[in-house]
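**Q** Quick one: dock chain against chain with the hints and give me the complex.
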Amino acid sequence: MPQMNMIQAINSALDVMLERDANVVLMGQDVGYFGGVFRCTDGLQRKYGEPRVLDTPIAEGGIVGAAIGMGVHGLKPVVEIQFADYAYPAFDQIVSELARLRYRTAGEFHAAVTVRMPCGGGIRGGQTHSQSPEGIFTHVCGIKVVMPSNPYDAKGLLISAIEDADPVIFFEPKRIYSGPFDGEHEKAAVPWSAHPKGDVPAGHYSVPLSRAEIVRSGSQVTVVAYGTMVHVAQAAVARSGVDAEIIDLRTLAPLDTDTLCASVNRTGRCVIVHEATRFSGFGAELSATVQETCFWNLLAPIERVTGWDTPYPHAFEWEYFPGPDRVAAAISRVMEAP
Amino acid sequence: MTRVSRLHIPRPPARPGQTPDFSYLQTSPAGAMAQPEVMAAFTDMEYLATGLVRVLDDQHVAVGPWNPHLEPDELQVGLRHMLLTRLFDQRMQTIQRQGRISFYLRSLGEEAVSISQAMALRPDDMLFPGYRNQGLHIARGHSLVDLMCQCLSNTRDMCKGRQMPIMYHWQSGNIFSISGNLATQYPQAVGWAMASALKGEDRIAAAWTGEGSTAEADFHYGMTFAAVYRAPVILNIVNNQWAISSFQGLAGGEQRSFAARGPGYGIPGIRVDGNDFLALHAVTTWAAERARRGGGPTLIESVTYRAAAHSTSDDPARYRPKDDWQAWPLGDPIERLKQHLIALGEWSAQRHEQLARELDAHVAECWKQAQNAGTMTEGPRLDPRTMFEDVFATMPPHLLRQRQQLDQELVAATKDATPT
Numbered sequence: 001m002p003q004m005n006m007i008q009a010i011n012s013a014l015d016v017m018l019e020r021d022a023n024v025v026l027m028g029q030d031v032g033y034f035g036g037v038f039r040c041t042d043g044l045q046r047k048y049g050e051p052r053v054l055d056t057p058i059a060e061g062g063i064v065g066a067a068i069g070m071g072v073h074g075l076k077p078v079v080e081i082q083f084a085d086y087a088y089p090a091f092d093q094i095v096s097e098l099a100r101l102r103y104r105t106a107g108e109f110h111a112a113v114t115v116r117m118p119c120g121g122g123i124r125g126g127q128t129h130s131q132s133p134e135g136i137f138t139h140v141c142g143i144k145v146v147m148p149s150n151p152y153d154a155k156g157l158l159i160s161a162i163e164d165a166d167p168v169i170f171f172e173p174k175r176i177y178s179g180p181f182d183g184e185h186e187k188a189a190v191p192w193s194a195h196p197k198g199d200v201p202a203g204h205y206s207v208p209l210s211r212a213e214i215v216r217s218g219s220q221v222t223v224v225a226y227g228t229m230v231h232v233a234q235a236a237v238a239r240s241g242v243d244a245e246i247i248d249l250r251t252l253a254p255l256d257t258d259t260l261c262a263s264v265n266r267t268g269r270c271v272i273v274h275e276a277t278r279f280s281g282f283g284a285e286l287s288a289t290v291q292e293t294c295f296w297n298l299l300a301p302i303e304r305v306t307g308w309d310t311p312y313p314h315a316f317e318w319e320y321f322p323g324p325d326r327v328a329a330a331i332s333r334v335m336e337a338p
Numbered sequence: 339m340t341r342v343s344r345l346h347i348p349r350p351p352a353r354p355g356q357t358p359d360f361s362y363l364q365t366s367p368a369g370a371m372a373q374p375e376v377m378a379a380f381t382d383m384e385y386l387a388t389g390l391v392r393v394l395d396d397q398h399v400a401v402g403p404w405n406p407h408l409e410p411d412e413l414q415v416g417l418r419h420m421l422l423t424r425l426f427d428q429r430m431q432t433i434q435r436q437g438r439i440s441f442y443l444r445s446l447g448e449e450a451v452s453i454s455q456a457m458a459l460r461p462d463d464m465l466f467p468g469y470r471n472q473g474l475h476i477a478r479g480h481s482l483v484d485l486m487c488q489c490l491s492n493t494r495d496m497c498k499g500r501q502m503p504i505m506y507h508w509q510s511g512n513i514f515s516i517s518g519n520l521a522t523q524y525p526q527a528v529g530w531a532m533a534s535a536l537k538g539e540d541r542i543a544a545a546w547t548g549e550g551s552t553a554e555a556d557f558h559y560g561m562t563f564a565a566v567y568r569a570p571v572i573l574n575i576v577n578n579q580w581a582i583s584s585f586q587g588l589a590g591g592e593q594r595s596f597a598a599r600g601p602g603y604g605i606p607g608i609r610v611d612g613n614d615f616l617a618l619h620a621v622t623t624w625a626a627e628r629a630r631r632g633g634g635p636t637l638i639e640s641v642t643y644r645a646a647a648h649s650t651s652d653d654p655a656r657y658r659p660k661d662d663w664q665a666w667p668l669g670d671p672i673e674r675l676k677q678h679l680i681a682l683g684e685w686s687a688q689r690h691e692q693l694a695r696e697l698d699a700h701v702a703e704c705w706k707q708a709q710n711a712g713t714m715t716e717g718p719r720l721d722p723r724t725m726f727e728d729v730f731a732t733m734p735p736h737l738l739r740q741r742q743q744l745d746q747e748l749v750a751a752t753k754d755a756t757p758t
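Listed in order, the protein sequences are those of chains A and B.
Numbered according to our numbering, the first sequence spans residues 1 to 338.
Numbered according to our numbering, the second sequence spans residues 339 to 758.
Here chain B stands alone, though its shape is the one from the complex (with noise of 0.2 Å):
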């Protein structure tokens, strides 16, 4: 008899037309998981990486060792930002499916992540988002019109119409660009917060990446140099449980979570309910002062579920059951902190609904002032002549010969444009 090897070829647990399954994943009671000392080493906080770090208990209660005790005040605060990117995101789908942008990607279900992580952080701490982390800009008040000017490449775009929608960037409110090639920025954040440390400064940085790009060379590279030097930086990943079509399993989350290559390198792993404000914050709030003290990296699994589409590219109806965000242990990040402060007696759904409104109204508000700076088809354009710059802090002869062929190329067409 042979023996033959087998391929073992990960799938999800449900595909359209079944029942969603989320029996494969493995959580912990809100409160359960101890909380080491910030300056514990790696080896006695193990169990970091394979539990799971929550909060809110299923009477909305914030309950154990992990619990950050967040004024209500700041509560709200985290509410109205994940409420924001909520209403934000579905605006800007809306307007992309009216073919007024050429794209976009909404962060639906996982909120909690980009603004609970921002504000646990200092806002002279350096960012290096991921395309899922608008978050990020409206945690630090980045102005919605500017990022909606980006989305529309219009005269007021940040990125002179050479990015794709998305991929905003604020260099003094200390957010970075966003590339489009996946976990770039790991190994970048890594070298920013080295030089943070060489500088003698107390500014740390944070990168974060979906669970399908740790398979990218990058996070590796960021994790080992993380390691090797104990750089001030907090990685994350956001386990989002799909990167477009490839369930999580495919990156290789199947036998082990993506916290636990933390310990491997070294490197602290948590593993956290990502749809838990207070985890999310408490966890954060902790390896921010881990990395400030000179205690180096820490890797923070967010466990979450993209409930939207990829993009508005993609359609999951292909690739899983329809509603299954329905289904997802983890619940609603923004319900779930809505019914925290219900309970506390800080928040009522009367107050919620208003919220939404006046938010809403803000975001429309918002849309018709960017498109004021110029849309796809009317209104103000950039000039293309600007394409030129940039390439170089000093435009090189070439560029500037090239730049006179397209001025003459554009002198034509208006010539052919104009009626005789």
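Just chain A, same shape as in the assembly (with noise of 0.2 Å):
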């Protein structure tokens, strides 16, 4: 089987999806000619031609707003906003049009428009290429958020979400575009060639929306994670010794609250960690539906593991990632609840 880091995964996806569905069409800012800032679209423009893999102006707003249109007339467009932190003159766009289209019209007009966006922190990129904004969209009805952790899930999240019916936004955390960052950031890096996930089949397949994935079972805690937090809570239950499950839940809305609930009921115990900021966070409301859901199993505190309240300091990157000393802390107290 191929080994694919997440960028020639995402590609793969494309790839796919081009060559199958003629109204698959690709567009944004650098994604043609040039094959994008992060070379997730490299060579697709030279292989389905210019008007299928699209440079547009920057103009998010205006990127997200054509590609409504082009849905309405039968068009699956899959749009890359060039970093999550650009996705704001795009909100409009978003969430009064994209998400209430076919609300407002009771069915009679859509739009399928995927919505990539890299995310996160960890490059260097201070407090406007760094942001995780999921929690802004899961807030808003009508479209699905992912956001995968490995290559294998990558590819086939993105081939579900461009053929869903729905309008996706596909979140891609750019810390593990090129291997499984775990939050040790002094350790040499490592490729995704060295991880299970690295190996994916060249051809379609897909991992289905809304399904989480247990990545370790465990009897003791249930850590839930997504995107880069996976490997870094990964790294911290190696750390703390405990016998905890590991939740991937891969799409954030809407969610998979079977999954995530029946191993809280299991082990009595939940850290939820994101990279995103805490107040508000879509950590508060995995914290409520747990709470709400298996209150009376419950042996602690939930505890979340966040980036701070802060934007994402450029000087600071380190301090401000929730790495794994700050996961396995929050799991030693739950452990440690009486």
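By construction, these hints were calculated from the structure, which means they are not laboratory data.
Just so it is clear, CB atoms sit at the ideal spot from N, CA and C, and this is done for glycine as well.
Incorrect hints may appear among the rest.
Unchecked claim - Restricting the straight-line Cα-Cα distance to at most 20 Å, the calculated cross-link-like pairs of lysine to aspartate or glutamate (EDC-like) are:
hint: 1; chain 1: A; residue 1: Lys187; chain 2: A; residue 2: Glu19
hint: 2; chain 1: B; residue 1: Lys537; chain 2: A; residue 2: Glu317
hint: 3; chain 1: B; residue 1: Lys753; chain 2: B; residue 2: Asp721
hint: 4; chain 1: B; residue 1: Lys706; chain 2: B; residue 2: Glu716
hint: 5; chain 1: B; residue 1: Lys537; chain 2: B; residue 2: Asp484
hint: 6; chain 1: B; residue 1: Lys706; chain 2: B; residue 2: Asp484
hint: 7; chain 1: B; residue 1: Lys537; chain 2: A; residue 2: Glu19
hint: 8; chain 1: B; residue 1: Lys537; chain 2: A; residue 2: Asp21
hint: 9; chain 1: B; residue 1: Lys706; chain 2: B; residue 2: Glu696
hint: 10; chain 1: B; residue 1: Lys660; chain 2: B; residue 2: Asp359
hint: 11; chain 1: B; residue 1: Lys537; chain 2: A; residue 2: Asp55
hint: 12; chain 1: A; residue 1: Lys187; chain 2: A; residue 2: Asp325
Unchecked claim - For the chain B half of the interface with chain A, some residues (derived, Cβ under 10 Å), not all of them:
hint: 13; residue: Val342
hint: 14; residue: Pro354
hint: 15; residue: Arg500
hint: 16; residue: Trp508
hint: 17; residue: Ser510
hint: 18; residue: Met532
hint: 19; residue: Tyr567
**A** Below you can see the structure in the form of structure tokens.
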């Protein structure tokens, strides 16, 4: 089986879908001739032509607005927002238009647009190239929100997103584009070729949306994570020596509450990990869901491990980043609770 | 001596109690503007962006190179649609005042824009209306009963009770949905047109927005994308001088016409008398042909006047002179087309009155029918459980649970209401 990093896996998903479905078009700033600043669309314009892999003006609201119009005319646009931090000019088009079109027309019109955006920090990107705004989008009804943690899932989930009849916001944690970064930033980088999820089939396959994956079975505590934090959680669990169950949510909305709550009901403890800021973050929703469903089985208060409620500071990104130490400390606290 | 900068704050020329003053409005005589070749370079037609294309002169005669030479029966159809729009608006306004719908918004004084432009386009062209373009639906023959049922949010409502009144859509009639957020339809129409070109079709898109909304980023997104890809789209600005209480100067219309933004983007800009049915038809036909032949987008500014309040929630007497429409230099579009037809010997005051009576009776009959599908207080009502549908193509588990919860609430409420 071919080995791919996450960039190659995303490229492969786009390639497969451009090949299979003449209605699929890619568009975004720098995605065409150049192949994207992160190279996710490398070579695709050469292969499928300029009209189907379209370089656009730097206008996120225009990119998404035009993609909606294309979607209404039967195309399946896959849009790249160069950094998730740049999605805000497109916010109205995503929230008021893309997410609501099917609803407000009682199903007569819809636009099946996939919006890809690299997110997350740890690349010295400062406060405008490091954000994880998934919680802003999970609060919007009518869009699906996905964040893969590895190349295999990235390809399979992106294919599912493009094939889905509803709009999908597809977050790509850019710190793990080239390897399964676990937060130990001083260690030598590990490539995806050394990881089982770097084995990616060349052809078409899909990973279903709204289905979480248990990446490590365990009995004492459930650690819930997604994106980069799945690998951080694994490092923290290895360090703590606790028999933890690690859940990779993969799709944040609509959420697979069954897998999450079944696990917590079994383990009685829950640690939620995300890189985004804490207050009103997605972890709050997860915590509330677990509390509402698993309260009588909980042995300890639910813990949230997150980025601090500050912008992502350029000079202090590792003090900001919720690394394995912070996660391991939370695991210890829930284990020690009386 | 210190020099200081000064903030210029645009003001309308007249406020309540003052005499209406439209001396700011620059017009051109009917027939004065040359008509360029359809595929001419935009640089060869910049005069169109600051002049005013007019066909009907003060004697109600069609003159000049933009005269579309429409047959009398086409003009009569246009007159009929405009009159129907006005009478429909009038009745819905009254119905709102009686508390039978929550909101309404008339297009009084600017009926020609939607009617004439829709008639100049092909039925398979895709229209992306603003909220005051009910005439597009009427010109394309959308049933008034359906429009009324939308305003009633009743069991026949195309939006299933999810939208405020007037936010219609019509998929089979190729009319897109009205959002409520302004100018969002501009880049969407451009995207639709880009898709049409990608598919090798000759269908074009047309979008409308008010002059006030040209200040929104979406207007500029639409213009940029249309210009960059030379999309087959007509982008319309309906300059009715007012955005609720904001005079057009506040949207940037004081220094230069809105149409003149077109050439700035490399797009032809045409400023047209928006109360002149013939001029609108000619300009739209020209722009549509240009788009269909691969010449790309055109920006059309229709100069008109919002004769009525912004909506039933607005009272213009608080910010502009009463009856100012009477002083509007470009008159009333219906009266002007009527006089033109009379001058042609193809119409009469008597026929006009008879038509108005017929149409009004038709509107009244439609209202009766619409109420059969339920009103805000009586008759059948949409099932509230349907509110969970169409959020997604397939209802996900959390919405199934919430629908079940609502269902329990509704059952409990019914039990409470049942006399024992």
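**Q** Indicate, hint by hint, whether the structure satisfies it.
**A** Consistency of the hints with the structure:
For the hint pairing A/Lys187 with A/Glu19, the CA-to-CA distance comes to about 39 Å; that exceeds 20 Å, so the pair is violated. At roughly 47 Å between alpha-carbon atoms, B/Lys537 and A/Glu317 are farther apart than 20 Å, so this suggested pair is violated. Restraint check for B/Lys753 and B/Asp721: the C-alpha separation of about 17 Å stays at or below 20 Å, so the hint holds. Restraint check for B/Lys706 and B/Glu716: satisfied, since their Cα atoms lie roughly 13 Å apart, inside the 20 Å limit.
About 32 Å separates the Cα atoms of B/Lys537 and B/Asp484, which puts this hinted pair outside 20 Å; it is violated. Proposed proximity of B/Lys706 and B/Asp484 is supported: the alpha carbons are some 12 Å apart, at most 20 Å. Proposed proximity of B/Lys537 and A/Glu19 is supported: the alpha carbons are some 16 Å apart, at most 20 Å. Of the supplied pair hints, the one linking B/Lys537 and A/Asp21 holds, its CA atoms being roughly 14 Å apart against a limit of 20 Å.
Annotation: proposed proximity of B/Lys706 to B/Glu696 holds, straight-line Cα distance about 16 Å (limit 20 Å). Straight-line distance between C-alpha atoms of B/Lys660 and B/Asp359 comes to about 12 Å, which keeps the hinted pair within the 20 Å bound. A distance of roughly 18 Å separates the Cα atoms of B/Lys537 and A/Asp55; the hinted pair therefore holds under the 20 Å criterion. The suggested pairing of A/Lys187 with A/Asp325 holds, with an alpha-carbon distance near 14 Å, which does not exceed 20 Å.
The restraint placing B/Val342 at the interface with chain A is violated, with a minimum CB-CB distance near 34 Å, outside the 10 Å limit. Using the Cβ-Cβ criterion of 10 Å, the hint placing B/Pro354 at the interface with chain A is not satisfied: the shortest such distance is roughly 34 Å. Nearest Cβ of chain A to the Cβ of B/Arg500: about 6 Å, under the 10 Å cut. The hint holds. Against a cut-off of 10 Å between C-beta atoms, the interface hint on B/Trp508 holds, since the closest Cβ of chain A lies about 8 Å away.
Taken as an interface hint, B/Ser510 checks out: its beta carbon lies about 9 Å from the nearest beta carbon of chain A, inside 10 Å. Given hint, B/Met532 at the interface with chain A, holds; its Cβ is 6 Å from that chain's nearest Cβ, closer than 10 Å. The restraint placing B/Tyr567 at the interface with chain A holds, with a minimum CB-CB distance near 8 Å, inside the 10 Å limit.
In this structure, the hints that do not hold are numbers 1, 2, 5, 13, 14, in rising order.
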